[in-house]
Each structure stands twice: as structure tokens, then as C-alpha cells.
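Residue numbers (our numbering), protein chains in the order written: chain A, 1 to 309; chain B, 310 to 618.
No lab work stands behind these hints: they were computed from the structure.
Any given hint could turn out to be false.
What the hints assert, rightly or not - Calculated from the model, a selection of chain A residues having no Cβ within reach of chain B, i.e. all distances over 12 Å:
(1) Ser41
(2) Lys78
(3) Ala90
Stated by the list, open to error - Think about it this way: if two alpha-carbon atoms lie no more than 20 Å apart in a straight line, the pair counts; the simulated SDA-like pairs of lysine to any residue are:
(4) Lys290(A) <-> Gly452(B)
(5) Lys594(B) <-> Asn182(A)
(6) Lys594(B) <-> Ala124(A)
(7) Lys599(B) <-> Asp161(A)
(8) Lys285(A) <-> Thr495(B)
(9) Lys290(A) <-> Pro457(B)
(10) Lys599(B) <-> Phe98(A)
(11) Lys475(B) <-> Pro287(A)
(12) Lys163(A) <-> Arg438(B)
(13) Lys166(A) <-> Gln404(B)
(14) Lys285(A) <-> Arg438(B)
(15) Lys594(B) <-> Thr186(A)
(16) Lys290(A) <-> Gly598(B)
Idealized CB from N, CA, C, for every residue including glycine.
Number of protein chains: 2
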Amino acid sequence: MKKRVTALGTALLAMAIANATADSPAKPQTMRQVLDASKPSDWRPLDPANTLYMDLPSGRVVIELAPAFAPLHAANIKTMVREHYFDGLAILRVQDNFVTQWGDPDAETPAKARSLGNASKTLAPEFERAIARDLPFTRLLHGDVYAPAVGFSNSMPAARDEKAGKTWLAHCYGMVGAGRDNGVETGSGAELYVVIGQAPRQLDRNIAVVGRVVRGMELLAALPRGTGTLGFYEKPEQRLSIKSIRLAADVPVAERTPLEILRTDTPTFAALIESRRNRRDDWYKLPAGKIDLCSVPIPARAPPSHATH
Amino acid sequence: MKKRVTALGTALLAMAIANATADSPAKPQTMRQVLDASKPSDWRPLDPANTLYMDLPSGRVVIELAPAFAPLHAANIKTMVREHYFDGLAILRVQDNFVTQWGDPDAETPAKARSLGNASKTLAPEFERAIARDLPFTRLLHGDVYAPAVGFSNSMPAARDEKAGKTWLAHCYGMVGAGRDNGVETGSGAELYVVIGQAPRQLDRNIAVVGRVVRGMELLAALPRGTGTLGFYEKPEQRLSIKSIRLAADVPVAERTPLEILRTDTPTFAALIESRRNRRDDWYKLPAGKIDLCSVPIPARAPPSHATH
Chain A
1 MKKRVTALGT ALLAMAIANA TADSPAKPQT MRQVLDASKP SDWRPLDPAN TLYMDLPSGR
61 VVIELAPAFA PLHAANIKTM VREHYFDGLA ILRVQDNFVT QWGDPDAETP AKARSLGNAS
121 KTLAPEFERA IARDLPFTRL LHGDVYAPAV GFSNSMPAAR DEKAGKTWLA HCYGMVGAGR
181 DNGVETGSGA ELYVVIGQAP RQLDRNIAVV GRVVRGMELL AALPRGTGTL GFYEKPEQRL
241 SIKSIRLAAD VPVAERTPLE ILRTDTPTFA ALIESRRNRR DDWYKLPAGK IDLCSVPIPA
301 RAPPSHATH
Chain B
310 MKKRVTALGT ALLAMAIANA TADSPAKPQT MRQVLDASKP SDWRPLDPAN TLYMDLPSGR
370 VVIELAPAFA PLHAANIKTM VREHYFDGLA ILRVQDNFVT QWGDPDAETP AKARSLGNAS
430 KTLAPEFERA IARDLPFTRL LHGDVYAPAV GFSNSMPAAR DEKAGKTWLA HCYGMVGAGR
490 DNGVETGSGA ELYVVIGQAP RQLDRNIAVV GRVVRGMELL AALPRGTGTL GFYEKPEQRL
550 SIKSIRLAAD VPVAERTPLE ILRTDTPTFA ALIESRRNRR DDWYKLPAGK IDLCSVPIPA
610 RAPPSHATH
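This is chain A alone, in the form it adopts within the complex (with noise of 0.2 Å):
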């Protein structure tokens, strides 16, 4: 809550400073420097084939699938995009503190709703999944209201009850589900939204989290709010037209979005945590200690062949 930019140039000098002077692993480090001395081995590219472009009029939004958690729902999405089923369809829903929600302004009007194609209109509910060996949980230790436990798993925020052996992703800002009506087996991925106030925790294992905002979430969350129920928008005129859903393998390489996301099974995310739960800036008089899940940070980079682009 800097007053002014100038004060944060007299910081991010400090920091520089300190930086340049730090010779022992253990002296406390700002996210900056334990990004700045994060391996090329920390961050992981994302993967063309799990990886959604929604070009809007305003940019693009990079969204990153997470079939770990929701597989059908990850393959029916992709069936969709591969078929254009988004192109031309709208944002829908905006409601303050809460979602932006996107789709067919008609799929409740048979004679007018788009054909979803080769995907399928229902699912069975991915709410929550077995825990496995294979996914990789990193644990945060400073407690959940929510959940027995909570942490990280592929770089996306997750909760778990160890007791019942279940594993869920949690509703943190940036977070992407798939909508759906009261029936639990009616979210096809047709209709999409994304979290974009305080996290909505109590949808946690109501309803199939299908990946993640890794990129434009600030295209999302500060559309004008809906003022019909639920933050609908009332008139036609007030939707924001999607131009694409594409999936990345699917664009050429040249109008690709490059980008790396930072591991969360790594002593280098272990750090970041550490300098976000106890903050090392001259503004902070009193570390927190402590962090919530959906308050830290997973970043997002171009590659660094691409960073002078």
C-alpha cells in the first residue's frame, strides 16, 4: 500500500542492493530476488495441448487446462475449441466480488442455441479425485478454513481431506470452472467462469474446477458489472463479444503466448512462499508469518528467450 511509486523505486533499489550483497542461502529474500535467482529447471513451459488462448477484442487470456483434476471436462472443453464452438459467442455474467462467466447467450433457447458438436451436454461431476502418488501436493502449513489441508499441486492451488483420500482444486482468484444447473452431472464446459474477488471457497467440490488464468486476468475482472440477477448483463449490447477460444497447438507458433510457470514442488517455491508469508520490504513493520492459499502468488514468465520481445 505504497503512497507512491517513488517509494517503491527506493525499495526495489534496496532491494537491488541487498541482492548484490547476499551471500548466504538463508538470509531473507523478497519474491523478486528468489525469482531472480530461480533455475532455468524452477519453471515449467506451458504445454501447447493444455493450454487456451480466448481472444478478446480487448487481448488475450491464457488459460491453462488442469485434466489432473477434471479430465472429461478438460477433453470436452478442447472438443469444443477444436470445433469453434466459443467463437462469436459472450462474456455473459459479471457479478461483483464473484465471477465473470462466459458462453451461449441462447443455449436456453433450443431453437437458437449453437450445437455443442462432438462434446457432450453432460459429464459425470469431477468435484474432487482420488489422492495419488503421481500428483505432487506441496503443502502449506498455515492452516485453511476450509479444508484439512491445502497446498499446491502442479502449480495450481488444491486442498485435501487425507482421511477420505480426496483432492480438489480450491476457488482462488484466477481459477476457471465449468457452470452448472442444479443437476451435478449438467456443466459440460460449455458454459465457463472465473473467480475474480475474493476466493468462493464454499464452491470447493460443488462443481468441476477446470484450470486456471495464467495470463490477462485483468481483461476479466474489470468488465463492467452485470446489473440483472446474479450479475447477468441485462441487454444484448452490454455482452463483450469472444473474437476465439483456440487451443495453442492449434495457432501458429508465431501468434503463440510463450510462457513458463513456476514449479510448486521446489525449494525455490518453498522460498517464495517464505517471502510472501513474512514480507522484507521497508514498508512492512509487522510480518504476517502466515498465508493464505489463495494469497500466494504463482507466477508467470516468458521464457527467458523470449524476454526481450
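For this one, chain A is given, so just place chain B on it according to the hints.
Frame of chain A; chain B shown alone:
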């Protein structure tokens, strides 16, 4: 996360029927039912001597000050407001998932900065205060990552450390604070911010929280994000001008926005918390059982006598 308004319509109808036939107070209720059954004494009017109207080109933001927690800051802000300090100043910063901030664009340029008039340029830090009998506290029993105890005081989210005998307001969505530089006494209230994302609780006890937006958050949360460092706007023309900030008491009665706030020290508020921790509509399959401090809504409404305006 309804897919459609029609689904909600059905739910509302079901609720209306349930409400009409509910004769046991122990029957689980939705929030709507709790509010519909509230008594006039469950609400308190906003005190015009303690309420700010921030008039933007897009509409009015209503802020309730918190003099019980930040008396010096509240008084200093009122001095500035009465001397029209903020009129014509601007929203300077919108950082995604963090804060929207406003003040004098020229504050750091002594030759151009607007005078604070009779207001103080520095204030003793009011980052926490002593627990006292005359400050009510409705404790929330579901835990918290950051503080030993959390709950509500005067219809605002608050935290407590009973061992230390201290309490402070929590940085939930919509809470307003006084920006400061590195010195703890540098926050005068001349630059204010509001939380627009996941609760940045790491700020708690590091800065003075001075109030809460009770209406109009959508006007502050949906603004384009700044592209400069910390989300500051890079070009003057990107800033949104503030028409005026007035104390409600100084505004003619006919131009006021009549609002009352749900009291948080009542059985009705306890019932509201219950309705939110265990959602009762047909959509939810697995009620959370718990609720985070910053996920509890604190409703405001037009007084019933104004409801038809």
C-alpha cells in the same frame, strides 16, 4: 455458479414457498429468508456525520468511516472533505486483485501539490487499538489463517489478539485504508485505497483501516487496471476524476443516499452466518460448514420507507 438466471428463478420460487410454510425458527434458512424475516431493530441507519459520498462520473460510492478504530484518521479525513480537498483529484492506481487508490496526482511535487489545509500531514499510527467493553465483537467460530480470533465490530470485519488485548479491522474486500510511505506516521488520509480482490490480510496491523465501502464497490472494482508499477496509471488521461467527496451530513437531505446496515451483534446476523456457511438452495450439494471472515456479507439496504423510491 448457476448457469442461468432461469435456474435462480426456480430457486427463488422454491424459497418463497418454503418461507411461507416455515413455522419453526430452527428450520434452515437462506440468506434471503433471514433478511426477509429481520426486524427493523436488526438494522441501524448510517450516521451522516460518519458517512462519505464519493461522487464519480459513473455514480456514487458510499463509505462508512470507522472512528472507533481510527479516530485521528477519520477526523483528519473529515477535515479534508469539509475543505473540499478531494474534489477534482483522481483515481491514480488500480492494481488487479489488490487495490484501487485515489488522491492528489501531484502530491509528491511540493510546488504543485494541493494544500491539506487544516488537516495534518502526518498522524500517529492507528494500526490496532485496545480491546474495550464498549466495542462489541461478534466472534466467528470457523478459524482464521492470520489472527487468533476474528469477527465483527460495528458491522465491520475485525480481528483480535486477546492475549495482547488488541483488536484491528481486517483487510477484506471493500475495506478502505489510508496509504502511507515507509514511515508509520506518513498516512494522513489524503491518499486512500480500497481492497478490490482477495483479502490482503498481510496489510493488517501495518496500516490504518479507516472504513468500509457500503455501496458502489462495482464502480471502484471494475476500473481498467493501471499498467505502471504497482498498478499506477501511466498517463494522466487514464485517471478517473473525482467529482467530489462530501460528508453526508453536509449534503442536502434530498441528495443523500439513505442506507441502513445490518447490525452484526444480533441473532439475525448469527442466522445470516449460518445461512452462508451452509447454503440451503438446491444448487449446493456439499455445504461448506465453515465460512471465512471476508466471505460473510454485511448487507446494506435502503430503509423500508425509501424502498419504493
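Status of each hint after checking the structure:
1. Ser41: At roughly 28 Å from the nearest Cβ of chain B, Ser41(A) sits farther out than 12 Å, so the non-interface label holds.
2. Lys78: 20 Å, holds
3. Ala90: 14 Å, holds
4. Lys290(A) <-> Gly452(B): Holds - the C-alpha atoms of Gly452(B) and Lys290(A) are around 14 Å apart, at most 20 Å.
5. Lys594(B) <-> Asn182(A): 9 Å, holds
6. Lys594(B) <-> Ala124(A): 14 Å, holds
7. Lys599(B) <-> Asp161(A): Answer holds: Lys599(B) to Asp161(A) is near 15 Å, not above 20 Å.
8. Lys285(A) <-> Thr495(B): Within the cut-off at roughly 13 Å; holds.
9. Lys290(A) <-> Pro457(B): Holds, because 12 Å separates the two Cα atoms, which is no more than 20 Å.
10. Lys599(B) <-> Phe98(A): Judged against 20 Å, a Cα distance of about 18 Å means the pair holds.
11. Lys475(B) <-> Pro287(A): Since the Cα atoms of Lys475(B) and Pro287(A) sit roughly 17 Å apart, the hinted pair holds (cutoff 20 Å).
12. Lys163(A) <-> Arg438(B): Violated: Lys163(A) and Arg438(B) sit about 41 Å apart, past 20 Å.
13. Lys166(A) <-> Gln404(B): 35 Å, violated
14. Lys285(A) <-> Arg438(B): It holds: about 16 Å lies between the C-alpha atoms, which stays within 20 Å.
15. Lys594(B) <-> Thr186(A): 13 Å, holds
16. Lys290(A) <-> Gly598(B): 23 Å, violated
In summary, the numbered hints that this structure violates are 12, 13 and 16.
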